[in-house]
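From just these sequences and the hints, can you work out the full model?
All residue numbers for the sequence shown refer to UniProt numbering, where the first residue is 1 and numbers rise by one.
Quick caveat, the hints were computed from the structure, so don't treat them as lab data. Note that the Cβ used here is the ideal one computed from N, Cα and C, for glycine as well. Each hint should be verified, as a subset may be incorrect.
Derived lysine-lysine pairs resembling DSS-like cross-links, with alpha carbons at most 27 angstroms apart [unchecked claim]: (1) 159 / 128; (2) 68 / 128; (3) 128 / 141; (4) 59 / 42; (5) 159 / 201; (6) 42 / 68.
Ranges between beta-carbon positions, derived for each pair [to be verified]: (7) 252 / 171: 16 to 26 angstroms; (8) 257 / 277: 26 to 36 angstroms; (9) 214 / 63: 50 to 60 angstroms; (10) 55 / 31: 19 to 29 angstroms; (11) 220 / 155: 24 to 34 angstroms; (12) 63 / 181: 53 to 63 angstroms.
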Amino acid sequence: MPDNPNPTVRRRVLGTNLRRLRERHGLLLEHAAEQLSCNISKVSRIESGRSPIRPLDLKALLDLYQVKDPAMREGWLFLARESRKQRWWRVLEDQLPQDFLDFVGLEEDTSYSRGFQPGVIDSLFQTKEYARAIIGGGSPKPLGPEEQTRFDVRLERQKALLREENPIEVWMVLGEAALRQQVGGPAVMRNQLRHLIELAKLPNVTMQVLPFSVGAYRGGPFPFKIYRFPEPSDMEVVLLENHISHTYLEDPADIGLYADIFNHLRATALGELESQSLIESIIRETDA
Numbered sequence: 001m002p003d004n005p006n007p008t009v010r011r012r013v014l015g016t017n018l019r020r021l022r023e024r025h026g027l028l029l030e031h032a033a034e035q036l037s038c039n040i041s042k043v044s045r046i047e048s049g050r051s052p053i054r055p056l057d058l059k060a061l062l063d064l065y066q067v068k069d070p071a072m073r074e075g076w077l078f079l080a081r082e083s084r085k086q087r088w089w090r091v092l093e094d095q096l097p098q099d100f101l102d103f104v105g106l107e108e109d110t111s112y113s114r115g116f117q118p119g120v121i122d123s124l125f126q127t128k129e130y131a132r133a134i135i136g137g138g139s140p141k142p143l144g145p146e147e148q149t150r151f152d153v154r155l156e157r158q159k160a161l162l163r164e165e166n167p168i169e170v171w172m173v174l175g176e177a178a179l180r181q182q183v184g185g186p187a188v189m190r191n192q193l194r195h196l197i198e199l200a201k202l203p204n205v206t207m208q209v210l211p212f213s214v215g216a217y218r219g220g221p222f223p224f225k226i227y228r229f230p231e232p233s234d235m236e237v238v239l240l241e242n243h244i245s246h247t248y249l250e251d252p253a254d255i256g257l258y259a260d261i262f263n264h265l266r267a268t269a270l271g272e273l274e275s276q277s278l279i280e281s282i283i284r285e286t287d288a
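The following block contains the structure:
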């Protein structure tokens with residue numbers, strides 16, 4: 001299989017964790033290359049995710065890195081097999097930016113997400129009508145071609161939350177402003193808020209609201225998400241979104257900072273039952 005300048009998320013995760021294993025044992029690229037009887041550039045491409053790794057080579061590296069537990073080794077081999085699969089969103093590479101497709105891959109391949117959305121409902125929680133209004137910027141005009149593709153992808157992404165096998169676990173703190181901004185109008189918002197109540201009942205969803213009454217809070221009004229990959233990876237990634245791009249932070253110091261901010265937010269926000277009560281009270285207000 002040829003090198004891929006835009007590797008899948010799983011391949012990047014596999015490569016990053018292999019590099020961490022190597023460094024944990026104080027080994028250099030030269031040692032891994034010698035184990036595989038190849039040149040250093042091949043190992044570098046594997047660790048960057050640009051090249052896939054054969055099961056035989058992976059087993060050799062696991063031997064070198066002293067990974068002996070059978071279940072752990074099988075976990076690594078499973079991750080390698082999954083990293084070679086073609087994902088459904090790859091057919092959209094000529095329609096959407098690469099960093100957006102990487103974002104889609106995160107939700108498909110990670111097992112746990114926690115984050116903060118101060119001003120809008122998180123995309124995984126959005127109804128069709130709310131999502132259409134957000135993507136269309138509030139315009140009543142039909143969505144353009146790229147907007148329609150983003151809309152379709154957003155609905156497809158939500159299946160990660162509801163899939164029968166290994167649904168993604170989500171712990172989200174929503175700002176009260178996200179519940180009160182009349183996106184799409186009162187009827188759309190009422191349905192959206194009722195949808196939040198139903199999602200909060202799912203065993204894999206934890207939802208809290210940060211009320212206006214808390215005043216200033218750590219981290220400021222900036223959205224973020226922290227994604228965690230399933231074992232054998234111990235890797236987490238912070239996602240920062242803006243109007244034109246997605247930024248990914250993988251440095252442990254950055255992840256630690258955002259984990260501390262999230263812990264502050266969840267401790268400051270209303271509890272789950274109190275959050276649901278606030279959502280229900282806002283629904284009654286819009287019904288009045």
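Hint consistency between residue 59 and residue 42 [alpha-carbon to alpha-carbon, up to 27 angstroms]
Satisfied, since the Cα-Cα distance of roughly 16 angstroms is no more than 27 angstroms.
Should the hint that residue 55 and residue 31 are 19 to 29 angstroms apart at their CB atoms be regarded as holding?
Holds, since residue 55 and residue 31 (Cβ atoms, about 20 angstroms apart) stay within the stated range.
Is the Cα-Cα distance between residue 68 and residue 128 27 angstroms or less?
violated (48 angstroms)
The hint says 26 to 36 angstroms between residue 257 and residue 277; measuring C-beta to C-beta, is that right?
holds (32 angstroms)
Can you tell me whether the CB distance of residue 220 to residue 155 sits inside 24 to 34 angstroms?
Given a distance of about 31 angstroms, which is inside 24 to 34 angstroms, the answer is holds.
Using the beta carbons of residue 252 and residue 171, state whether their distance is inside 16 to 26 angstroms or not.
With a Cβ separation near 20 angstroms, residue 252 and residue 171 satisfy 16 to 26 angstroms, so the hint holds.
27 angstroms limit on alpha-carbon distance, applied to hinted pair residue 159 and residue 201
With Cα atoms ~16 angstroms apart, residue 159 and residue 201 stay inside 27 angstroms; holds.
With respect to the beta-carbon atoms only, verify the hint that residue 214 and residue 63 lie 50 to 60 angstroms apart.
The hinted range 50 to 60 angstroms holds for residue 214 and residue 63, with Cβ atoms some 53 angstroms apart.
Under the criterion that the straight-line Cα-Cα distance not exceed 27 angstroms, is the pair residue 128, residue 141 satisfied?
Cα-Cα ~16 angstroms, so holds.
Keeping to a limit of 27 angstroms between CA atoms, is the pair of residue 159 and residue 128 held or broken?
The given pair, whose Cα atoms are some 13 angstroms apart, holds under the 27 angstroms limit.
Proposed proximity, residue 68 with residue 42 (alpha carbon, max 27 angstroms):
At roughly 24 angstroms apart (the allowed maximum being 27 angstroms), residue 68 and residue 42 satisfy the hint.
Okay, residue 63 versus residue 181 on CB: inside 53 to 63 angstroms?
holds (55 angstroms)
Consistency with the previously given hints fails for number 2 only.
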